[in-house]
Amino acid sequence: MASFAKFGNDLYTGERSYDFVGKRKLWYLIAGILIALSILLPALRGGFVFGIEFTGGSLFQITDVTSTDQDIASDAVDEAVPGANPHVTTVGTNGIRVQTDQLSEDDQRVARDALAAAYGVESDDVTSSFVGPTWGADITESAIRALVVFLVLAAVFMAIYFRTWKMSVAAIVSLIHDIVITAGVYGALGFEITPSAVIGFLTILGYSLYDTVVVFDKIRENTSEDGPMATRTFGESVNLAVNQTLVRSINTGVVAALPVAAILFIGSALLGAGTLRDIALSLFVGIVIGTYSTIIIAAPLYAHLREGEPEIKKHAARLLANRKAAAATASTTVDAK
Amino acid sequence: VARTTPVKKAWRSLAWLGVIIVALAGLNVYATFADSDQTWSPKLALDLEGGTQLILEAQVSDGSAVTQEQLAQAVSIIRQRVDASGVSEAEINIQGDRNVVVSLPGTPDDATLDRIQSSAKLEFRPVLATDAPTTSAVGGDGTDSTASPTPTPSVSLESEPTAVPTDASDYSYITPALADQFTNFDCASLENVDVNLAPTDEPLITCEFEGSTAVAKYILGPVEISGERIADSTNGVVTNSQGVSTGQWAVNIVFDSEGTQQFADTTERLYSYIDTDATRNRFAIVLDGSVISAPSTNAVISDGKPQITGSFTQESSKTLADQLKFGALPIGFQLQSQEVITPTLGDSALQSGIIAGLIGLILVIIYSLIQYRLLGLVTVASLVVAAVITYEVLLILGWRADYRLSLAGVAGLIVSIGLTADSFIVYFERIRDELRDGRVLVSAVEAGWKRALRTIYAAKAVNLLSAIILFWLAVGNVKGFALTLGVTTVIDVLVVVLFTHPTLQLLATTKFFSSGHKASGLDPNALGAIYRGRAQFRSPVLPAAKTGAGREAARRQTIAERKAAEAADGSSTTKGGKDS
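Residue numbers (my numbering), protein chains in the order written: chain L, 3 to 339; chain R, 2 to 581.
One thing to keep in mind: the hints can contain errors.
[As the list claims (entries may be wrong)] Below, simulated DSBU-like cross-link-like pairs (lysine-lysine); rule was C-alpha separation at most 30 Å, straight line:
| # | chain 1 | residue 1 | chain 2 | residue 2 |
| --- | --- | --- | --- | --- |
| 1 | L | K326 | L | K315 |
| 2 | L | K316 | L | K25 |
| 3 | R | K512 | R | K9 |
| 4 | L | K8 | R | K519 |
| 5 | R | K10 | R | K451 |
| 6 | L | K326 | L | K25 |
| 7 | L | K168 | R | K10 |
| 8 | L | K25 | L | K315 |
| 9 | L | K326 | L | K27 |
| 10 | R | K451 | L | K8 |
| 11 | L | K168 | L | K25 |
| 12 | L | K8 | R | K512 |
Hint data in this document are derived by calculation from the structure and do not stem from the laboratory.
Turn these sequences into a full structure, and let the hints steer you where they fit.
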C-alpha cells in the first residue's frame with residue numbers, strides 16, 4: 003500500500019490534484035441528471051411503494067389453530083394472493099394474526115379461504131378486517147416538523163461556526179441532493195418504503211451533513227490561512243483542501259460502507275432478511291452518495307458561491323495576470339539563453 | 002519536562018475513562034439487584050422479541066358511531082403517552098371501526114394499562130352540594146357490572162330548573178329530580194365507568210374516592226374550565242410556604258391564556274363565598290367523571306397555575322401529568338383482550354444482522370490495518386472501547402427509559418461504526434499531515450490533535466443537534482432512533498478524547514512509533530516528509546520541479562499553473578534576498 007500513502011502525500015503537497023472545483027459544470031450536470039432520473043424513474047413505476055406500516059392493510063385473525071407455525075400462513079397467502087406481503091404473528095397460544103397489504107374484497111375472500119384451508123379450520127374461524135397504519139400521519143407530521151427545525155438550526159450553526167452562510171447553503175443543497183437520489187433509488191427499484199427505510203434515510207441525513215462539515219472545516223482552515231498575498235485563487239484553495247482530505251473521505255467512506263455492504267449483500271442475500279435489506283439499501287446508497295456529493299457538489303458549489311465576491315474576484319484576476327507575466331518572463335529568459 | 006506533560010495527561014485521561022467504564026458497570030450491577038427484570042443483555046423491541054397486544058374497544062354510551070378521526074386522534078394521544086414513559090417503540094393502530102390495537106414489548110403492568118386506556122378527561126366544576134356517600138365501600142372487582150354512566154332521573158319530579166341559572170354556582174341547577182337522584186346515588190355505580198358522561202353545561206353527580214373507598218359525594222355545577230385549556234403539566238412534590246418539601250406528590254397545571262382567564266373568573270366568584278358558604282366556596286377537580294379533590298378557594302388564582310393534590314404517588318402523579326399534557330382521549334376505551342404476541346422478525350433476522358455486522362467489522366479491521374498498519378490497531382481498540390461503553394449505556398437506558406433494540410436500531414449501531422471510526426481517521430490524517438510538514442512525532446500528535454479536535458467537535462455537534470431535535474420533537478420509532486444517534490455520538494467523542502488521543506500520546510514516546518518504523522503507519526519517509534528539509538515547512542518547489550518532468554503531471558493543467566505561480570513566487574523571494 004506504499005502507493006496509497008504516496009497518493010496521500012501527493013494530494014497533500016498538491017503534486018497530484020484532481021480538479022473538483024474547476025470542473026463543476028460537469029458535476030452539476032451529472033447531479034442534475036441523477037436527480038432527474040431519481041424523480042422520473044419512480045414516477046414511471048407509478049410512485050413510491052409504501053409498506054403497510056404507512057398505508058394500513060387487511061388483517062386476518064385465525065383462532066383455535068392446532069399448529070402455530072407462521073410459515074403456513076405466509077405460504078398460503080403468498081400462493082393465494084401473490085404480492086400481498088404477509089406479516090405473520092402468533093397471538094396467545096392458538097391464534098394467528100396475518101397482516102397484508104390492502105386487499106380487494108375478492109382477494110380478501112380468497113386469502114381467507116386459503117388460510118382456513120392451510121390451518122384446517124372452518125372459514126368462520128378466520129375473521130378479516132381493516133387495520134390502520136402503525137406509522138400514522140401523526141408520526142410523519144412530527145418527524146417532518148423535527149426535520150425542518152433541525153435543518154434550519156443546522157444551517158444557522160454552520161453559518162456561525164464557519165462564519166459564512168454560503169457554506170450552509172452549499173451543505174444543505176448537497177444534503178437535499180443526497181436524499182433525493184437515495185429516495186430515487188428506492189423508487190426506481192420498486193423497494194417498499196418501510197419505517198426501517200425511513201430511519202435509514204434519517205441516518206443518511208446525519209451522515210451526509212457530518213461528512214460535509216469535516217471537509218468544510220479543512221476548507222475553512224485553508225482559505226482562512228490565505229491572506230491577500232496568497233499564491234492560490236480561492237477556488238484553488240478550496241480544491242486543495244478537498245484533495246488534502248480526499249484520503250480521509252475515501253477511508254471514511256469505505257469504513258462506513260463496509261459493514262452496511264455486509265448487511266446488504268451477506269445479510270439479505272444469503273440469510274434472507276427483508277427488513278435488513280430495506281434499511282441497508284438506504285444506508286449503503288446514502289453513504290456512497292453522501293461521501294461523493296461533499297466532494298463534487300458541496301465544495302465546488304461553495305467555491306462557486308464565493309467566487310463572485312469582489313475581493314475574491316480581484317485577487318483571482320491579479321493572480322492570473324501575475325502567472326501570465328511570470329510565464330512570459332520565463333520564456334524570454336529561455337530565449338535569451 | 003516538556004515530554005512528560007503529555008504523558009501525564011494521557012495517563013490521567015485513561016484513568017478517567019477507566020472510572021467511567023467501571024462506574025457504568027457498577028450502575029448495571031446495581032440495576033440487576035434493584036430490578037429483577039434487569040439482565041446483562043439489552044432489551045429487545047417488538048419486532049425481535051414480541052410482546053403484548055392490547056385491543057381497546059371504543060365505548061360510546063348512546064350507540065352513536067365512532068368516527069375514524071376520533072380513533073386517529075386517540076391513537077396519536079396514546080402514542081404520546083406511551084412515548085412519555087420511555088422509548089419502547091410501541092406499535093399503535095386502528096383496527097376496524099371501533100378498535101385501537103396497542104402492541105407493546107414485554108408485559109404491561111396495571112400502571113401502564115391505566116396510562117394507555119384511561120381517558121384523562123379533566124374538568125373543573127364548582128361544588129353545589131356535598132354529602133357522605135350512600136355506600137361507603139365499593140367492593141368487588143366489578144368486572145361484569147354494567148353501570149349506566151348517567152342514572153335515569155325519575156319522571157315524576159321536576160327536572161328543568163325553575164329559574165334560569167345566572168352562574169355555575171347557582172342553586173337553581175339543583176332541581177327536585179336532581180336532588181332525589183343525588184340522595185339515591187350509589188358511588189359504586191361509578192366503578193366501571195371510564196368517563197362519567199354528563200354534558201359540560203349540565204350539573205354532575207359524582208363521588209370522591211380514596212383508593213376504592215368513596216369518601217364523599219357531590220352535586221357539581223357545569224364545567225368551568227376543561228382539560229383542553231391545559232398548556233402544560235408536570236408532577237412534583239408540594240412545598241409549603243417556607244419552601245420545605247412536604248413529601249406529598251402533586252400535579253402542577255399551567256393553563257393557556259383562555260384557561261387562565263376562566264380560572265381567574267371562577268376563583269374570584271368562589272372566593273366571594275369564603276365567609277358565607279363553605280360548600281360553594283369549593284371547586285372540584287373531576288378526572289374521568291370522579292372527583293380527585295375538591296379544595297376550598299382561599300384566594301383568587303390569576304396566574305393560571307393550579308396545583309392538584311390528592312392521594313398521588315410519584316408514579317401516579319407522573320402518569321396523570323403526562324395524560325393531561327397530551328390531552329384527553331376523545332372517547333372512552335375498554336380493554337377487550339390482552340394477549341402475548343410473537344415477534345414478526347424473530348431470531349433469524351437478529352442473527353443475520355449480527356453475523357453481517359461482524360463480517361463488516363472484520364472487513365473494517367482488515368482495511369484499517371492495511372491503511373494504517375499498527376496504527377490501525379488503535380482504531381480497533383478504540384472501537385472496542387466504544388462498543389463496551391455503548392453496551393453499558395444501552396443496558397442502563399433499557400432499565401431507566403425502557404430503551405429496546407429493534408432491528409433498525411441494530412443497523413443504526415452498525416452504521417455508527419463508520420461514524421465513530423471517522424473521528425480516528427480524521428485524527429490520523431491530521432497527524433500524517435503534520436509529519437509531512439516535517440514535525441517530529443510527539444509534536445505532530447499534539448498539533449494534529451488540536452486541528453482534528455476542532456473538526457471532530459464541529460461535525461459531532463451537527464450530529465448531536467439532529468439527535469436532540471429529533472428526540473425532542475418526533476414521536477414513535479424516530480424518537481428511538483434519535484436516542485441511539487445521540488448516545489453513540491457522545492460516546493464517540495468520549496472515546497476519541499479519553500482513549501484514542503491518550504493512547505497515541507503514549508505510543509508517540511515509544512521507539513517503535515517515534516522512529517517511524519515502516520509498520521507503524523507513521524513513517525515520515527513513506528509520508529514524504531524527507532523530501533523537504535527538516536526545518537522547512539511546505540516548500541514544494543524541489544519535488545514539483547522533479548516530478549514536473551513526469552508525463553502524468555505534465556498533463557495536468559493545474560500543476561502547470563501552480564508551477565508558474567511557484568516560479569513567480571521564487572523570483573520575488575530571490576529579489577527579496579538580494580535586497581537584504
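Pair hint outcome, K326/L versus K27/L [Cα-Cα no greater than 30 Å]: holds, 25 Å
Satisfaction of hint between K512/R and K8/L, Cα-Cα up to 30 Å: Holds. K8/L to K512/R sits at ~24 Å (cutoff 30 Å).
Given pair status - K451/R, K10/R, alpha carbons within 30 Å: Holds, at roughly 15 Å.
Proposed proximity, K9/R with K512/R (alpha carbon, max 30 Å): holds, 18 Å
Restraint status (C-alpha distance of K25/L to K315/L at most 30 Å): It holds: about 18 Å lies between the C-alpha atoms, which stays within 30 Å.
Pair hint outcome, K326/L versus K315/L [Cα-Cα no greater than 30 Å]: Holds, at roughly 17 Å.
Distance restraint between K316/L and K25/L, which requires alpha-carbon spacing of 30 Å or less: holds, 21 Å
Straight-line alpha-carbon gap K451/R to K8/L, limit 30 Å: With Cα atoms ~25 Å apart, K451/R and K8/L stay inside 30 Å; holds.
Satisfaction of hint between K25/L and K168/L, Cα-Cα up to 30 Å: holds, 19 Å
Pairwise hint evaluation, K519/R against K8/L, where the allowed Cα distance is 30 Å at most: This hinted pair holds, its Cα atoms lying about 14 Å apart.
Proposed proximity, K10/R with K168/L (alpha carbon, max 30 Å): violated, 39 Å
Satisfaction of hint between K25/L and K326/L, Cα-Cα up to 30 Å: Cα-Cα ~21 Å, so holds.
The structure fails hint 7 only (numbered hints given earlier).
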